[in-house]
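> Chains U and G, in that order, give the protein sequences.
Note that UniProt numbering has the first sequence beginning at 1, numbered continuously upward.
Note that UniProt numbering has the second sequence beginning at 1, numbered continuously upward.
Hints were generated in silico from the structure; no laboratory data involved.
Watch out, some of these pointers could steer you wrong.
[Unchecked claim] List time: in silico SDA-like cross-link candidates among lysine to any residue, alpha-carbon distance up to 20 angstroms:
1. G:K156 / U:R71
2. U:K138 / G:K156
3. G:K156 / U:R115
4. U:K138 / U:P121
As a plain string of letters, each chain reads:
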Amino acid sequence: MTDNDAPPRPSTHQPVDLPGLRISGLGLQYGTRAIFTDLDLTVQGGEFVVLLGTSGVGKSSLLKIVAGLTRASAGTVTATDGLPLAGRIAYMGQQDLLYPWLTVIENVMLGARLRGERQEPDRARHLLERVSLQDRAKALPSELSGGMRQRVAIARTLYESHPFVLMDEPFSALDTFTRAQVQDLTAELLQDHTVLLITHDPLEACRIGRRLVVLTGHPARLGPPIEVPGPTPRAPDDEALLHIQGHLMRILMEGHGA
Amino acid sequence: MIPTLVRPVVTFVVLIGAWWAVTRLGSIPFYLLPQPPAVLHALWQQRMLLASATFTTFSEMALGLAIGTLLGSLCALAMAFSPRLQRWIMPLLLLSQAIPAFAMAPLLVLWFGFGMMSKVVMATIVIFFPVAAAFSDGLRHTDPGWLDLAHTMGAKQGAILRHVRLPAAMPAFGSGLRVATAIAPIGAIVGEWVGASAGLGYVMLNANARIQTDVMFAALFVLAVMTVLIWTVVDRVLRRILYWAPGNGGAAR
């Protein structure tokens, strides 16, 4: 009965007209302290944008505003197709946020459970296959490694089949090698989504971002966008990547010292 | 690995042994501390009386535990559902604890009579608070990340309570219920001391008046065994419910 409400599912091979995300004049203030002011950023439909910043610069707050979890002091966040953003965003937090009392497959279908919609185990199993966890569907999250849990979180994000995906340092809890693997998977599986990912890791930004923006200063401002050439995920020893990574590191250090 | 049953048996044997040694070596008069065989004898001699008293006290404890847990949970859920309600209920909850249960006992006997009713009410009052307090605490301290995720998925308040806050609060509920189970005898026994015609508390009070210390110890022994058994059953059930929570037998399978 709720089938009619379900949004159309983007497929991997068919190019879909994806809406973009427009942030304009966004500001956040706690009392008299301005966290950031006048932020403008447009994420084109289907684009993978990485927002880079040091900790405490307000990037998590920015993402929470876009996700509709916090209110901004000024400015707006809209979709470029004019439709409301609410209900079209899949969110990945700093931890995998798997519910420990639900099995892996139940976690993948969490959105349907929470909205009281019919759950589609076949689709969930297919997504688990894409993150190579099809044989762990009945396991509890506590039985999985950190990397596996993060892959379940990716499957849960894909199950939502929303055009927008917001990620808040989703891989910061993983070790370097596992992180690289999950980054590869993310870059591959989120191709047909409009993605805004925030991170403090320049390497992560360079490996999976199509366009990078740096958030620095107090109050924080966005720097000019940096395009990284070549298809994602990029090899960690790619010449252009290494050059940009160093450049980003320098911007962050200068911004932090200021 | 030591089998799980060995440890309590060892503890039991050592305790009884120490008791026996004290009574043998210390030449303590019988009416102060009877020797274990005398208690065993009393246990057998008074078995009919003790059995019926145990049944009475068990019923009071079990009913008190069931009603107290139910009311405590409902109270915690009501507070979780409406913060305004919480501001009204919380002071009342604290007030109910400010008055010692012992002080209430005579009043409860006056109101609800010498029968089981007053003891069940007493046990309910004692059990209610730890369940309500722990459960309400658990319902209020849900991982903010889990709540954020649920909000972005478009979950309504009711669905968040049912699918996120409620299961997330179950470990806290479990520890509240364990505490409540351990103190459940207090309610029933105090009620029986103040005024009753049946139950282990009544047997103890009578034995005490007649300086039948052996019967008193026999009743105490039965009460302890019963409490441990009830606690074990509650613990088993909780482990089953909390299959996913670390430290509850689950999770680290």
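> Could you work out which of the previously given hints the structure breaks and list their numbers from low to high?
Those not satisfied come down to hint 2.
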